[in-house]
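Student: Sequence:
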Amino acid sequence: MRARSSKLLALLLLAAVGLCSGQEAPAQDTPKPPEPLFVRVTVYPTVSLSRYDFNNDIDVTDIRIYVELRRGSQEGKSVADARISALAENLEYQTDHYEKRIILGKNSLPAEVEVEIAVKNQPVIREKFPLPSWLALTDPLPAVLESAKDLPIHWQFSRFTAPVDILAYDFKTGKALFRRNHVEETSSVVPAADVPASTIIRIRVIQSWFYKRFLGGEVYARGSEVNIIPWSQVFIRTK
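This note's numbering numbers the first residue of the sequence shown as 1 and each following residue consecutively.
Derived by calculation from the structure, the hints in this document are not laboratory data. Treat the hints with caution; some may be incorrect.
Only pairs whose alpha carbons sit at most 25 angstroms apart, straight line, appear in this in silico SDA-like list of lysine to any residue [as the list claims (entries may be wrong)]:
1) Lys149 / Ala176
2) Lys120 / Pro33
3) Lys106 / Ser208
4) Lys77 / Glu35
5) Lys32 / Gly72
6) Lys149 / Phe129
7) Lys172 / Lys32
8) Lys106 / Pro163
9) Lys212 / Ala148
10) Lys106 / Val60
11) Lys239 / Arg179
12) Lys100 / Ala148
13) Lys212 / Gly223
14) Lys212 / Ala118
15) Lys212 / Lys172
16) Lys239 / Pro163
17) Lys212 / Ile102
18) Lys239 / Ser198
19) Lys212 / Asp96
20) Lys172 / Ala148
21) Lys172 / Lys120
22) Lys32 / Ser73
23) Lys128 / Lys172
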């Protein structure tokens with residue numbers, strides 16, 4: 001009886017070994033690459049001779065950075081828990097994008113900006129891009145001016161010149177007083193008839209077209225881009 005039991009046990013062991021040796025190891029899942037991110041960075045190099053009034057925030061230079069971050073495509077879900085920084089400042093999430101206004105020293109304008117984007121379970125993205133030019137109004141300066149007189153406007157670029165759009169409007173009422181688009185010169189004039197008395201006038205010049213760079217690579221969804229739009233403003237009062 002014991003001999004028969006031993007033989008039966010041996011046969012069972014051989015059968016088990018045969019099954020194990022013929023059985024293939026289960027295939028392991030190949031790690032999926034991280035989902036690409038749609039990234040749109042918009043940078044506004046900004047020169048304000050004054051803000052909100054002729055004697056408020058005189059000569060303030062800043063960079064305003066906005067970053068739109070979505071999963072998969074431009075139509076994807078907004079990523080609200082990323083960590084995004086630029087010029088050593090963290091951007092703040094606002095509804096569907098990140099933004100930050102970074103105050104700069106007038107004599108320390110950066111020639112380039114690096115943006116760092118950290119998203120959970122994704123490689124950290126670092127993009128550095130140049131700021132081709134700064135745009136600054138040079139006239140009028142913040143002041144109380146006579147009304148019913150021509151109001152000259154002058155501006156300059158730090159490097160490359162480009163056409164600008166000009167808008168002057170009554171800051172109290174919102175009424176547009178003067179508008180010109182794609183002005184290729186570096187000066188213009190608001191006619192005296194369009195300069196009202198006893199009000200605040202905001203004058204803004206902004207580059208008509210913007211610098212664009214598309215972002216390529218596996219981490220980016222199609223259409224990811226960087227846009228740079230220089231502009232400048234001044235507020236004056238009229239008597």
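Student: What hint numbers does the structure not satisfy?
Tutor: Violated hints (numbers, rising): 6, 7, 9, 12, 15, 16, 21 and 23; every other hint is consistent with the structure.
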